[in-house]
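*Asks:* Given the coordinates of chain A, assemble chain B onto it according to the supplied hints.
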Amino acid sequence: MNSTILIAVVAMFAIGITAAIIIYIVAQKFKVIENPLIDEVVELLPGAHCGGCGYPGCRALAETMVKRGSLENLNCPVGGKEVMGQIAALMGLVAEEKEPMIAVLRCSGSKLHAPDKVLYEGASSCSFLHQLNVGESGCPYGCLGQGDCVFSCKFDAIVIDDKTGLPVIDNEKCVACGACVKACPRQIIEIRFKGKKDRRIYVSCVNKEKGGIARKNCTVACIGCGKCVKICPFEAITMENNLAYIDFEKCKLCRKCVKECPTNAIAELNFPVIKEKAQPNTEVQA
Amino acid sequence: MKTFKLGGIHPEENKISAQQPIEVVPIPKTVFIPVSQHLGAPAKPIVEKGEVVKTGQLIAKGEGFISANVHSSVSGTVQKVEEIVDYSGYRRLSIVIDTNGDEWMDTIDRTTTLKKECTLDSKAIVDKINEMGIVGMGGATFPSYVKLNVPQGHKAEYLLINGVECEPYLTSDHRLMLEKGREIMVGITILMKALMVTKAMIGIENNKKDAFQLMTDLAAEFQDITVHTLKVKYPQGAEKQLIKALINREVPSGKLPIEVGCVVHNVGTAFAVYEAIQKNKPLFERIVTVTGKSIKKPSNLLARVGTSISDLIAMTGGLPDDSGKIISGGPMMGRALSNADAPITKGTSGILVMTEKESKRVPVLNCIRCGRCVTVCAMGLEPFLLAKLAENKVWEEAEAEHIMDCMECGSCQYTCPSGRPLLDHVRVGKFEVAKIIRTRKN
Chain A
14 MNSTILIAVV AMFAIGITAA IIIYIVAQKF KVIENPLIDE VVELLPGAHC GGCGYPGCRA
74 LAETMVKRGS LENLNCPVGG KEVMGQIAAL MGLVAEEKEP MIAVLRCSGS KLHAPDKVLY
134 EGASSCSFLH QLNVGESGCP YGCLGQGDCV FSCKFDAIVI DDKTGLPVID NEKCVACGAC
194 VKACPRQIIE IRFKGKKDRR IYVSCVNKEK GGIARKNCTV ACIGCGKCVK ICPFEAITME
254 NNLAYIDFEK CKLCRKCVKE CPTNAIAELN FPVIKEKAQP NTEVQA
Chain B
482 MKTFKLGGIH PEENKISAQQ PIEVVPIPKT VFIPVSQHLG APAKPIVEKG EVVKTGQLIA
542 KGEGFISANV HSSVSGTVQK VEEIVDYSGY RRLSIVIDTN GDEWMDTIDR TTTLKKECTL
602 DSKAIVDKIN EMGIVGMGGA TFPSYVKLNV PQGHKAEYLL INGVECEPYL TSDHRLMLEK
662 GREIMVGITI LMKALMVTKA MIGIENNKKD AFQLMTDLAA EFQDITVHTL KVKYPQGAEK
722 QLIKALINRE VPSGKLPIEV GCVVHNVGTA FAVYEAIQKN KPLFERIVTV TGKSIKKPSN
782 LLARVGTSIS DLIAMTGGLP DDSGKIISGG PMMGRALSNA DAPITKGTSG ILVMTEKESK
842 RVPVLNCIRC GRCVTVCAMG LEPFLLAKLA ENKVWEEAEA EHIMDCMECG SCQYTCPSGR
902 PLLDHVRVGK FEVAKIIRTR KN
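Read top to bottom, the protein sequences are chains A and B. When the letters of the first sequence are read in order and numbered with the working numbering, they come out as residues 14 to 299. When the letters of the second sequence are read in order and numbered with the working numbering, they come out as residues 482 to 923.
This is chain B alone, in the form it adopts within the complex:
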């Protein structure tokens, strides 16, 4: 079975919501839509207080090369364009809309019939993906059209589709493949056309055998798409590890996948591309897995962007009494919230409510030089060294030891027998080294 060779761990999978079909969340009374739901420059609002908007209408325009458009997820009146407290407790500029019914833009095709043919050419597809505000749905939220613009001197050979979902607890991609497999396949053919490649490979972890079977059957109806099963190992879903497992190529340090002739997209992104290109539907809703050991009804919910996280938790039976932490994302790379009224954004793949017992942090002891962190690091780094350098603020040496290659997967901190917060220190180091690199460039 294909896998990546270096490092990796196998945490408990806890895919307790895997059998739950997708449910639609009712439209809330108010939505809070941040203008920055993607990597890169925030979008600029183009609506004002009092303006009436329709579902799918453009309400903020992307600024600069790496940015994305933001569309309204509801119809109603703009209450205000103001800084609202987000999940980190900081205030971020958001567009607040009081909902009224659910009137969609006329341009959007709301029928559910599968549309296979795409008449647009490569450039038109990329432009439309940009226009529709599509970003990476795996959680990184990188503006997708940027990845499809192959830079000069490079050529794309493969399109790799990420159906891995290696984070424990999360099942939104799994359900999407089971329920919207055909649409995903069409989305993949559109992406292949945009990139002008003839080979697409879908990677699915071995704990989703039903999805693998279905996607393999569907792939037979489409040309040049192959489906591959991957060994269950975290972080298989990371793009560099996926590339190594599927086509056995290594992306050089500091470079992007296009360097080895491929582009990686999440299955959720492929689905969003299908809806955007074939149905003129911009990105304003997504599937969020709401789960946790004490949650009454772990679910996969289709929610409009801007819905409060507390609304989603209420739909699963409310916040359990023994809750310790609420995490946006998965347990490995997610962020703990300090504000549960924060809104869902394009990148919120899951809400995980950890019990008090699960949330307990172990006491921090000294490093015993066991080397386990080095063994599990999927990027081949030395986490104990990077953490020590970052803690003692030796930034130049941290940069020389490739701290910027760390993808923050958390395997090192998970494995450390002394409970040392390795990733926390490395994150500080990366932040400071990034600042140094920026000043050096200027």
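If we strip away everything but chain A, and leave its shape as in the complex, we get:
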């Protein structure tokens, strides 16, 4: 009986030692040698894994940064200037000066300006409504208000305003990751400069129909008249397919186009109020 137990114990011991040796050999043979710097960069990054940098997750961005040994064209919009500065210091590099960006909803077709002509009661999905029907306001390019952008935002930066029926983008929370841009089936949201003192000017319309038709559905539609193009002293505005567009890199925020627009289609955010004209679109913005 004693010898049985002894044999059992020795056998188990021998199996254990063999297994340990195999594991050690395998671990050594298949060891992945990684630059420890990658882990340090991951520690600095916010860990939201939102994809705003264009890479699948924070670790992927860290790997790219370390492998390339440079921060050129690499930017974490969530961490922003602060985090990029820290990473640059860690890697012994200089971070690029990036202009802060924000998501902008280019539509002012609220319940007031573009009233509902029909009632939609289906699934709360902009992509579904877009392929089914033109939408409650009748404008084929306008915001449908079902909230695909809200659903896509991982930073709680978008909510639908019940009064207007339009999404409102929070000035502080938005990190310009681009998720809402991809989610919108009508490509209404655009990533633009946040602007000095958070001031920005943009054409709040993406309707490409002829002016008369566009105006039937929405009173603040861009009718493609071209007056803004003519008045801009910096040639920042172009017209294509009955729709004006302001290039945010050229715009100097002089506000001339806002006054000139006959339908109040151009929105200006966070500016001091001008007394002469009735307020255009500040009601629907954040």
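Bear in mind the hints are in silico, worked out from the structure with no lab data behind them. From a predicted model like this one, the values you see are computed outputs, not experimental measurements. Positions of the beta carbon are idealized from the N, C-alpha and C atoms, including for glycine. Be a bit skeptical, because a hint or two may be false.
[As the list claims (entries may be wrong)] Quick look at which bits of chain A chain B covers, simulated, 3 or more residues with Cβ under 8 angstroms: (1) 131-142; (2) 254-261.
[Said to hold, decoys possible] Partial selection, computed: residues in chain B whose CB lies under 7 angstroms from chain A: (3) GLU529; (4) TYR571; (5) HIS906.
*Replies:* Structure of chain B alone, referenced to chain A:
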């Protein structure tokens, strides 16, 4: 009684217009003819503003392999070729014609005597069907000549004729069989010749006993056509379910009926083929069932393509006060209109006015995993899973779970006790997955 085995539901039939004989709608002052009334590429207009056209004249030519010609349904002057708001609220290119009298093309034979003999050969029949702009009249509007072009390596054994009309409320096919049964039979023989098959089977649901009796009697005068009664179950009229019920064969996922040696055509299409081949009449009018619980006079109306839906509703006594929704098609697969002035097209089988009470949507609750949707799915899918994947935008897994096999019949959404919009989500999923498949092919 023959039926399909998997899934299915039995909604209230509401065939309230079944006894109404076909009435002709007077020609309106203006018609709006869309250039895309079929699946595939839109037709290209070949007329201009100011041109004078005759009834039956070619006004838009089909472009590409899957397309169809469009013919004028009236005689008059072309007012404009412009984008007009259709039933979905979007603008689509249409040819607008101010009517003047009703002068038909000389080539069309307007007599009503039955012409049984067809002297054309198979290829000539298929070409003529293409020329005359014939599309699937069941509502799918697939260009019919494409189905008759049997691809290499396949052979057609059966021609199956769909006289099922499983959608509640719709009765246009029923009336067509009762009033034009002989013409339909000749149309079927022509289709058999085009496909070079010797066997044709007509399927009719058991709630149309008079049509079944009549068609059975008529079939005796023709060779190789048999008529079969089918259990009343939605969606018996779907082609894959019809094939399973009539010849007990299953079309593999992603493939067409020709894979199992058959081609399916609607009775309305067979009738249109008769008129096209024997009377040189292109497709420019069809029977539309205008119905609804509050409609004063539910009717089956023969309307010219391009007539406004509001004109048809006016003929049945006008829009009732308690109207909630106007649907183009049936209550299961139809589309709600946001514009009642939209025109009738080749595929408009019915206009259903639902009362406010009927239109009420139930509140959406959570999925309770009861599995009813799985039980009723006629394609053997798991609607609760597909809807969840689509809602959360997990497209690759949705494709792997065969979301593209869904035929959008609506049985799942109808059955769900939590009122979940299953079909709505699956439709979004199908749209996105189709985009992914297209980019993958390129």
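*Asks:* Of the numbered hints stated previously, which ones are contradicted by the structure, given in increasing order?
*Replies:* Structure breaks hints 2, 3.
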